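The lines below spell out each chain.
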Amino acid sequence: MRDLLDVYVQQFKTTLAAQAQYRAALVIWIIGHIVDPVIYLVVWDTVARSSGGSVGTFTTGDFGAYFVLLMLVNHATFTWIMWEYEYRIRHGDLSFALLRPLHPIHADIADNVSFKLITFVFMLPIAAGLAIVFRATLPFIPGTWVVFVPALLFAFIVRFLMEWTLAMAAFWTTRVSAINQIYYVAALFLSGQVAPLSLMPFPIQVVATLLPFRWIISFPVELLPGRLTPGEALTGFAAQAVWLAIGLALLKIVWRAGVRQYSAVGS
Amino acid sequence: MSTPTIHIHDLCKTYIVSEREAGVVAALQSLVRRHTEQVVAVDGLTFDVAPGEVVGFLGPNGAGKTTTLKMLSGLLHPTAGQVTVLGYVPWKREKEFLRQITLVMGQRNQLVWDIPAIDSYELNRAIYRIPTPDYRRTLDELTDLLELGPLLRKPVRNLSLGERMKCEIAAALLHRPQVLFLDEPTIGLDVTMQRRIRTFIAEYNGRYGAAVLLTSHYMADVEALCRRVIVIHHGKLLFDGELTDLVQSFSAHKTITVQLGDCGADLQSYGDVVTCEDGYVTLRVPKSETARVTERLLADLPIIDLTVEDPPIEEVIEHVFAQEVV
Amino acid sequence: MTYLRLLYVFFRIGILGELAYRVNFLVQLFQSLLGLGTALAGLAVIFSHTQELGGWRQDELVTLVGVYLLVGGAINLVIQPSMERLIESVREGTLDFTLTKPEDAQLLVSAQAVQIWKLIDVVLGFGVLIVALIRLRAAVGAWQAAAFGVALLAGGAIVYSFWLILATCSFWFVRVENILVIFQSMYEAGRWPVSLYPPWLRFALTFIVPVAFATTVPAQALTGRLTGQTLSGAVALATVLLVGSRLFWRFGIRYYSGASA
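Residue numbers (the numbering used here), protein chains in the order written: chain A, 1 to 267; chain B, 1 to 326; chain C, 1 to 261.
Hints listed in this document are in silico derivations from the structure and should not be mistaken for laboratory results. Computed from a predicted model, the values in this text were never measured in an experiment. All C-beta atoms, glycine included, are put in the ideal place defined by N, C-alpha and C. Some clues are possibly wrong.
[As the list claims (entries may be wrong)] Partner residues are not named here, just some residues of chain C that face chain B (Cβ under 7 Å, in silico): (1) Ile13; (2) Leu16; (3) Gly17; (4) Leu99; (5) Ala145; (6) Gly258.
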């Protein structure tokens, strides 16, 4: 365990110094992480104001809080691992990772977290600023803050496992961008980024609940302002646990198959 | 000399570079205060090149060769001095001027990567406004001279380095320029390819009378193509004249190679023994002593064969750069 | 005209480079359709809760989506790849080749890379806005169509100048590959009418990253919202930026070739 911790610390230092080329693309994402929620916030704000101040259970202030929170949770849980693996496989860098006596996912998680430790320095003030500008209202319920932390943590892990498994697709095809686009479109609608899930048509809500998308972004965002009953919250945690297990199983299978494919084809 | 093709007088180029030390403190300091230094790349260069001349431009890395070529092709403004090429002032980049020159850089490609070379050629044809019949004729000749036939329709990225270089050179010559600036055109190529390109350049020069200014680190290139060489170092002109004269002026030694039966004999008394291999002994003797040592050797030893040569050009050049006398 | 001739040549190269890859066509088609579907689905969700958004009806917003696709496709067709290639060529020194050619360097670098399959977006966008206009039973008279054309051209010129200015910055700051992405990320906001956004964002999207002129203004022309003031403002800004970006480009080249300023 101590060695694992060491890996994470070393990775943090490396991340600080890293100037990898594809990091340029990350800047697009960071800007997108801020711009996209703002766009939908403005849209829903307009809808609310023209509908007498609220839509469904969301007042304009609620929308403000929802999207700012969404922005932070999305940023906290996002990964760029699919592009990373496509890059690595294309440039043959994967060989180094395969030679290490440690599953590459640890370095990837460490890299991800280290990166966010830096970016959150910027994101938090921006989020605060947006919250003020859009007059977000967030009811303060101490209990929800306590459960929010594990919910966020699990959301991150489940999302990481999912996207890491998806990244393995790069072993079999170069059309990673098309696959990614399908994934992102699904996530857009099913994880509450276009609109809070309770405002989406019922069939969408069902699909979102059955698939992991709701549990990796929407769930913590619904949890914090106290929109879920204790029963619903427990269901949420259970769903996260289920997807965690599925994610780990898939990870193992796909990774092994991927490595076999990689070594068969050559770098 | 009739009007020179290239005329340079007192050419100077100074760069301003910002200097920064390592470390976080220095990095922060550099945000506020920029510490700059002046680097003199070219310092008072003067020479002329006649129409149709092939001149070798020699110098160690960082001597100012590429900078000079860039000033001649209009890519850089000189800091001081005069330059004219074909009567034009290069940095004005007039279209008529650009149509008559070409620049080939050994380590960089102008061909579009994903498409066959022939399609990049079409692009150049449009840009240089080459009339179709002329284009066809030039292309056929270049294809012939460089043996491009099977290469033209393959995407450039599928070609080997040597094949790519041939196609690059052809692309640069489609508009039949009168002045060729070649910056290390044979770098990284295998020996056969280097020779092929050398032959080609000589052909092109012979056929079209184009002036060629060539930089290269391969002495073989220079020996094969250039009668005249210009040596520059630290931006200053060190030598301008025939290659043979370069060797004469800068080498004070001759090399005597003696073939004996074996390597047993000790020849220290005759001169510096450089090597002894398979019965061939190489001696270095001061130029003035050459005749006398040769006499003594022939008289004293059972010599099978004896040759007297200048030191290898590489050595001479090296010592010129180090400003020593060989 | 030299410009058109050279544009044709570059397009031809772009096509030739891609024709071998029919799969790319299909993939791009798939991605474009998926993008379109996403936009329309998003609109559907919004309009299940309201009848109009900031004064725009659903089909009017679909027109905007059409313009968004059309203009986005045009940008990604030539402007974006060429400007990215420019920045790369500054870094790698291959810009020197362009500068020794006897044609205007700005023209050469602006058309040098063509992603031909982005034409799908252009065609798709155009199709979408035709369909939306039909559904609106909008009477698009000759004036409106002309205004639309002018707005598109002005928007295109503004966007091009913006990209050129950004790319020219790479002469001074070598690590600007990221800078072009500013537009890409903010362009997403162009899917919605700029009038929706709070004033500070509206200002940013109009004058800092010119998304509004690219999408909202032409869409306004089609839906009868365009004022003469806005249109002439767009044309004026386009002219100023075209001239300004050219001057900046020339300034950049002079710097690059070490001319004393």
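Cross-check of the supplied hints:
1. Ile13: holds (6 Å)
2. Leu16: Status holds, d = 5 Å.
3. Gly17: Interface hint status for C/Gly17: holds (5 Å vs cutoff 7 Å).
4. Leu99: holds (6 Å)
5. Ala145: C/Ala145 check fails; min Cβ-Cβ to chain B is 34 Å, beyond 7 Å.
6. Gly258: Constraint on C/Gly258 satisfied, holds at 5 Å.
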